[in-house]
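Residue numbers (numbering that gives the first Met the number 0), protein chains in the order written: chain A, 0 to 326; chain B, 0 to 280; chain C, 0 to 299; chain D, 0 to 330.
Where hints are given, some of them may not hold.
Taking lysine-lysine and the BS3-like style, the derived pairs with C-alpha atoms no more than 25 Å apart in a straight line are [to be verified]:
#, chain 1, residue 1, chain 2, residue 2
1, D, Lys297, B, Lys170
2, D, Lys113, D, Lys144
3, B, Lys170, D, Lys308
4, D, Lys102, B, Lys170
5, A, Lys115, C, Lys200
For the record, the hints were derived by calculation from the structure and aren't laboratory data.
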Amino acid sequence: MTTILQIRDLSVGLTGRSSIIQVLSNVDLEVDAGEILGVVGESGCGKSTLVVAILNLLELPQIFQTGEVIFISSDGKPRNLLKLTGDTLRQFRWRQMAYIPQGSMNALNPVLRVRKQMIETLTQHGMADREADEQIRLALQMVHLNQNVLDLYSHELSGGMRQRVIIATAISMHPAILIADEPTTALDVVTQRLILQELARICRELGITIILVSHDMGVMAQTADRLAVMYAGRIVEIGTTNEVFKSSLHPYTQELIASIPNQSGEHVEGLAGEAPGPWNYPPGCRFHPRCPFVMEICRQQVPPSVEQRPSHWVSCHLFGKEESSNE
Amino acid sequence: MSNAKLISGISLLSLLLIIAITGPEISKAMFPNVNPLEQGAYRQYEPPSIQHPLGTDAGGLDAFALLLNSIWPSMLIGLLAGVIATILGVIVGFTAGYIGKNVDTALRIFTDMVLVFPVLPLFLILGTYLAHWDLFKLSLLLGVFGWPFTARVIRAQVLSLRERPYIDLVKLSGENTFEIIFLELLPGLLPYVGFSLAMGTVGAMFTEAGLQLIGLGAQNLSTLGAMIGHGFSRGVISLGMYGQIVAPVGILILLFLSLYLIDMGLEEVFNPRLRTKIDVK
Amino acid sequence: MEVLLGNLSRMQVARIGTEQIVAYYRQLFGLDRPFYIQYLLFFRNVFLRGLDFGPSFMAYPDTARELIFHQLPWTLGLFTSAMLISWLLGTVVGVFMGWLRRHKLTTLVTGMMVLLQATPNYLFGLLLIIYVGYKLQWLPAYGPYDSGLPPAFTWVFIHSLLLHMVLPMLSLVLVLGAGWAISMRSLMISVLGEDYLLYAKARGLMPFAILKDYAFRNAMLPQLAALAITLGTTLTGTYIIEVIFHVPGLGSLFILALGFRDYNVLQGIVIFSIFAVLTASLIIDLILPLLDPRIRGFNE
Amino acid sequence: MSDFLVVQNITQVFGTRKPTFAVDDVSFRIPERASIVNLVGESGSGKSTIARIILGLSKPKSGDVYYKGTSIFTRNAEWQRQFRCEVQAVFQDPYSAYNPFYKIERILNISIRKFKLVNNPSEAKARIEESLRAVDLRPDEILGKYPHQLSGGQRQRVMLARVHLIRPRLIIADEPVSMVDAGMRATVLNILMEFQAQYNISSLFITHDLSTARYLGGEIIILYQGRIVERGETIQVTSKPLHPYAQLLISSIPIPDPDKRWRETLQFAPEVKSSQSQNRERCLYAERCPHVMEVCWKERPPLQTSPGKESSWHVACHLYSGNLKGSSLES
């Protein structure tokens, strides 16, 4: 599998009046071409900040602190997206990297018809009007929307229709990567299933890599090939969806999965304590106040990310290099 | 509680208050033997000098002494009118916002009508009777026409607060309507009441000045507005004694600035979320 | 002169108080009929007989309507142009104050604007008269045009007219404009935080297209709606400006009529003001749905 | 009446120009013995509107709610106070359930004072601490703080502590876990079940998330566009639903287990804009139902026991009305 995106040691801070609060700390992540990578974590863990950082859309008071986001295009040429600025960055967007926002009511501009919002995306990337119309017609067919949706406004669309318009816009320029930030949160269960299945099918057909961000473990289990689990601004575990669900290594992941009120209706224990916000991240491993296996080292040092099993990474002191794996 | 805007606002206001209250004493001290506010105390239109920092006006009064003595009446009128306007505004805004349905529509139409209606023509008609009114009647009149602004602000706020779940939770805990209004809704409104009081006060002072300017203000009251009005109508500007107009206008603007700063400061202080830490979602 | 002479005689008559003459005038002006009849008659004339407000007491044979129409162009010109220019200017400035909200300069400008928009236009007008009119002598600060010139479409007259109008316009436009700029700035800032802005940027649209179609078009709607509400207060401000700058508009006429207790003229002006305000807000309410599809809602 | 809360044919309509039926002739009972009733439906299915009506916070357009035989909208103040003592609520949004102006324990003190839960004030503090511990919150971490200084999970549990203080007979829990972190969800659900077991407090649990309903067990009522489509034992209904909508709903739950992925991919049913959409006397699911029949467009399917099932298992679908004995859908 050729990697298409490498995120190395990415840190993002929030400039307060006096100090800078780190929201995202030393994120390392590799995305393979054509896969669906899930990024899962509770609200406030920094996953949305990660999305905005990759898209290089950070605005004050959010600022980049360290790290780079390397995009490897089909011709193998690596480029650091954070270095792109001005029009080159604008050109890069949507040709190579598309974005699907939350399915909320105001993802689309309320005063413009759907047609204008879709066409201007293409024409402002240098596509001729006629060809843009054609691309849009094809894209709408792929998401099973008939053409008269183009004359409607955002408030006249149902949640499901609005998300399908957004997916159609996203794939209209055949980007290499598509980043979906909680695409089905505001939708009902049935539409959610339709949208997720549709998204996966279209991207498999067009060979588009998806980075799917959500807080819902169920959505991840159903859709993602690989999974990155985030906690308090750090990635704590990366692995295939089966490994993360069936044989997860990090205590937080295990507790998270164990605490889901699942089907069989038997008793399930919740996770004690509270997830810290960026202004009170504890030192060392940020899960140590709630971790049942906490050791002295956890309170001081940030655990390094270790490849405990082939392509199954975890950053936890239980799995230090010289440690014989206990438990 | 240290908030730059609040502190600077309060200090400016207290400075103005001190000047306003001690004004009459200062003017007595400056002009020991003769009463500077008596008609014909000095020659008309004396140019500004050390003895008469702002010169003298048409009636031979010392302009600077007049200024010192007219700050307090202006502030009093402004405050009274502001309080009246705010009380009326809160009552109308509250009943419209809290009761809602047809009461709300009726009051809203009435408020918009008074707001859109060019108030000045009405003032002008009453103006002729204003000439010999005392301070309290004038403030009442200014107040009665100041309430729509407050009513709109309060109504919008009550409408949004009324829907909050914590109102339902308190209802379910047995609080009666009275307690809900005064213990639950009012605290949320304090910054807005403060804001409309400040704007009402300043607005009334400016309106009073406007009336004086077109010769329709109360003749027997010495207010900043009166000074501006008389100065203008008697062509003080063409005689080069600008101070007699610029000074009162300046003080009015400083009053506004102080109230505005206080209000901005209170806004930040009242909003608990801003006080402690940044809420990163 | 004929106008002045006319009302002088009436005032002398009233003071002498010979019964018959006073009775004659009362009967002439229809003041002898019961109050409510007068009221009904008044409104019948106004609405059915083409704004006939009845005779003007102070300038008798002239009717109130003639007096009002004579002075109306000044107020109309001043009021409408002040409203439009201040709104357009303020909105455009506000857009950039919102778009460039991070810059140090913008915060400074905003602070100044807050102070400016709070001072009433007549006080600001006074300051202009003093400093620009008298101290610097750059612009005339008295009367609608050079008193010597006969009103005609000659360049000289128009030049003098425009020169005289600068200060009154300035005092109205700067104060109102500052208010519009501040309200547009806060509207822009709230719109710039919306999801569809982030989505537009992510799609790599041209910055100008984002500013025009996304930020401005959405922020402009409440700004237009606010225009309707401030019409009343602006008209009041225009009246006082007319008085200060001695511009012969409805404001000055109002003061004159007040001095002579000329009820018909006074009522005529008040009704005119209300008409002006209501028609303007009606026009705005008609324009709004054309711009905001959510209100239009007919194709649901 | 044996049941102590009866909802009888309530209907609620919003909007005058184009009236939308938020709740359309809904009836159900909550039995005397402590039990959990799940009210499940998508957003816009009317479940929160029903909750507000039962709590007496809004009046229905028609129909009524009886508590121990008396309508909850009666004017009698004493009866209302008693009703408040016995029917309480937990709200969805922890961030707006508290007046930001006051400390968090104020709502607890009001409840104590208004319901006279203690005979002397000194006992109040002890009772509050006891209730906080009952929902595993440490009093020293909570008391004296402002709402915005606590996390969403803590605030939600303070609301539960308030319920523990008042010891009502019934809690209306309007989506209490949807805005709480995943880890905290199970804790809140366990507390509700503990209340039922230890203090026999019944719960009307309102949610759009079927897996939480299944975890709580008890009975389930499934709503679609303001109408009840199916009702019965949670475990039975969620394992083998009868109504086509319930089947689609339950099969679409994203199960957090990579081995149990959705079998077939769903096709978007074309949004049928039929002329019938205004007609209310029909099955509202007809537009999207794979088994739609003629009768579905003409008559509104009654809520009745389907042949061969227990008496408490009801479904509103013409497939099960008497005339079609043992249809293929039984499998």
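Numbers of the earlier hints that this structure fails to satisfy, in rising order: The structure breaks hints 1 and 3; every other hint is satisfied.
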